[in-house]
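Participant: Sequence:
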Amino acid sequence: MANLGFIGLGIMGGPMARHLLQAGHEVALWSYTSGKADRLLQYGKGCVCASPSEVASRSDCVFLCVGDTDMSKQVILGESGLITAGRSGLVVVDCSTVSPNASVEMASKLKQHDIDFLDAPCTGSKNGAENGTLTFMVGGKEDVFEKVKPYFLAMGTQFYYCGPSGMGLHAKLSQNLIIGNLINTFNESFVLSTKAGVAPELMLEILNNSAARSGLVAIKAPQVFARDFSTHFSLKWLEKDMVLMLESAAALNVPTPLTALSQQMLRAAIAKGYGEQDICASVQVLEEFAHVEVKASATQDKQLG
Numbered sequence: 001m002a003n004l005g006f007i008g009l010g011i012m013g014g015p016m017a018r019h020l021l022q023a024g025h026e027v028a029l030w031s032y033t034s035g036k037a038d039r040l041l042q043y044g045k046g047c048v049c050a051s052p053s054e055v056a057s058r059s060d061c062v063f064l065c066v067g068d069t070d071m072s073k074q075v076i077l078g079e080s081g082l083i084t085a086g087r088s089g090l091v092v093v094d095c096s097t098v099s100p101n102a103s104v105e106m107a108s109k110l111k112q113h114d115i116d117f118l119d120a121p122c123t124g125s126k127n128g129a130e131n132g133t134l135t136f137m138v139g140g141k142e143d144v145f146e147k148v149k150p151y152f153l154a155m156g157t158q159f160y161y162c163g164p165s166g167m168g169l170h171a172k173l174s175q176n177l178i179i180g181n182l183i184n185t186f187n188e189s190f191v192l193s194t195k196a197g198v199a200p201e202l203m204l205e206i207l208n209n210s211a212a213r214s215g216l217v218a219i220k221a222p223q224v225f226a227r228d229f230s231t232h233f234s235l236k237w238l239e240k241d242m243v244l245m246l247e248s249a250a251a252l253n254v255p256t257p258l259t260a261l262s263q264q265m266l267r268a269a270i271a272k273g274y275g276e277q278d279i280c281a282s283v284q285v286l287e288e289f290a291h292v293e294v295k296a297s298a299t300q301d302k303q304l305g
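So in our numbering, spot 28 of the sequence shown is number 28, and the numbers just go up one at a time.
Derived from the structure by calculation, the hints contain no laboratory data.
Note that the structure is a prediction, hence the values are computed from the model and not measured.
Note that beta-carbon positions come from the ideal geometry of N, C-alpha and C, so glycine has one too.
Take the hints with a grain of salt, since some may be wrong.
Label-pair ranges, simulated between beta-carbon atoms [to be verified]:
{"#": "1", "residue 1": "Ala-250", "residue 2": "Arg-213", "range": "26 to 36 Å"}
{"#": "2", "residue 1": "Pro-255", "residue 2": "Ser-34", "range": "21 to 31 Å"}
{"#": "3", "residue 1": "Glu-105", "residue 2": "Ala-226", "range": "40 to 50 Å"}
{"#": "4", "residue 1": "Gly-215", "residue 2": "Glu-188", "range": "10 to 20 Å"}
{"#": "5", "residue 1": "Glu-79", "residue 2": "Ala-212", "range": "46 to 56 Å"}
{"#": "6", "residue 1": "Ala-212", "residue 2": "Tyr-32", "range": "25 to 35 Å"}
{"#": "7", "residue 1": "Lys-109", "residue 2": "Ala-250", "range": "19 to 29 Å"}
{"#": "8", "residue 1": "Asn-101", "residue 2": "Lys-149", "range": "34 to 44 Å"}
{"#": "9", "residue 1": "Ala-211", "residue 2": "Gly-163", "range": "50 to 60 Å"}
Under the rule of at most 20 Å between Cα atoms (straight-line distance), these lysine to aspartate or glutamate pairs were calculated in the EDC-like manner [what the hints assert, rightly or not]:
{"#": "10", "residue 1": "Lys-73", "residue 2": "Glu-105"}
{"#": "11", "residue 1": "Lys-126", "residue 2": "Glu-205"}
{"#": "12", "residue 1": "Lys-126", "residue 2": "Glu-276"}
{"#": "13", "residue 1": "Lys-109", "residue 2": "Glu-142"}
{"#": "14", "residue 1": "Lys-272", "residue 2": "Glu-188"}
{"#": "15", "residue 1": "Lys-195", "residue 2": "Glu-288"}
{"#": "16", "residue 1": "Lys-141", "residue 2": "Glu-130"}
{"#": "17", "residue 1": "Lys-111", "residue 2": "Glu-142"}
{"#": "18", "residue 1": "Lys-295", "residue 2": "Glu-205"}
Using the sequences provided together with the hints, build the complete structure.
Facilitator: Spelled out as structure tokens, the structure:
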């Protein structure tokens, strides 16, 4: 068993750290909200740390899963960040979805302290984190990834080595680009068909048996029908990811017109107050425009005004 660290114990990081504890590893824990670390102690040999630097001092490999690029920079390079106390040979694995360019920069600065770094964003949302079935896309040195891969096994089932630093993030953002555009396509399709009078359940059955079938729609549509917007992947974080996609596209001179529009629709949903809800809550923006609600037909009342 290994001496590991985990930073960021939210909707994804909390279950990921729990799986490492349950696998028998000793895990040093830190979160902006200290109570989250305390609640994990029941699952194994964990200790609550006062700072990311303390996590680094106790660990041979530190995982982190935080909300955005600034948070990642702070816990890695900040005054009490991992870089301040990491021993030579420490491996830092950032499972957050952040700017690829910023990630490459962090890898370079850590290397100056003889600390190895992997960008390893994951997909699978809340259910994947809780069930230990996440998919990881990894950038960095392949031999470093192979060295720490056994630790990943407690948290995921699919692992893709994508190349040098930043490549895991490029793969993750390209995947999320499709998710962001699909959720907006779903919103338009179901608001239109519902207002026209097609029962949402019937529309979903048609899609599931056609070339337009989508795994994402198959999962999210029943949540919308039930008006269940509880968070599996929060809307605000998908919008954040789409901003990163647009930045990467600009840097690489790749036109992404659909993504630009989808990002703006998600931003509109955040402006309406839906940012903390699941990505499927974004349907409410178009519903308000069209005066229709996509819900189970047994309680369907199409015209809202």
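Participant: Does each hint hold? Answer for all of them.
Facilitator: Status of each hint after checking the structure:
{"no.": "1", "hint": "Ala-250 - Arg-213: 26 to 36 Å", "result": "holds, 32 Å"}
{"no.": "2", "hint": "Pro-255 - Ser-34: 21 to 31 Å", "result": "violated, 45 Å"}
{"no.": "3", "hint": "Glu-105 - Ala-226: 40 to 50 Å", "result": "holds, 44 Å"}
{"no.": "4", "hint": "Gly-215 - Glu-188: 10 to 20 Å", "result": "holds, 18 Å"}
{"no.": "5", "hint": "Glu-79 - Ala-212: 46 to 56 Å", "result": "holds, 51 Å"}
{"no.": "6", "hint": "Ala-212 - Tyr-32: 25 to 35 Å", "result": "violated, 41 Å"}
{"no.": "7", "hint": "Lys-109 - Ala-250: 19 to 29 Å", "result": "holds, 24 Å"}
{"no.": "8", "hint": "Asn-101 - Lys-149: 34 to 44 Å", "result": "violated, 26 Å"}
{"no.": "9", "hint": "Ala-211 - Gly-163: 50 to 60 Å", "result": "violated, 32 Å"}
{"no.": "10", "hint": "Lys-73 - Glu-105", "result": "holds, 10 Å"}
{"no.": "11", "hint": "Lys-126 - Glu-205", "result": "violated, 25 Å"}
{"no.": "12", "hint": "Lys-126 - Glu-276", "result": "holds, 14 Å"}
{"no.": "13", "hint": "Lys-109 - Glu-142", "result": "holds, 19 Å"}
{"no.": "14", "hint": "Lys-272 - Glu-188", "result": "holds, 18 Å"}
{"no.": "15", "hint": "Lys-195 - Glu-288", "result": "holds, 12 Å"}
{"no.": "16", "hint": "Lys-141 - Glu-130", "result": "violated, 28 Å"}
{"no.": "17", "hint": "Lys-111 - Glu-142", "result": "holds, 15 Å"}
{"no.": "18", "hint": "Lys-295 - Glu-205", "result": "holds, 15 Å"}
In summary, the structure is inconsistent with hints 2, 6, 8, 9, 11, 16 from the numbered list given earlier, while agreeing with the others.
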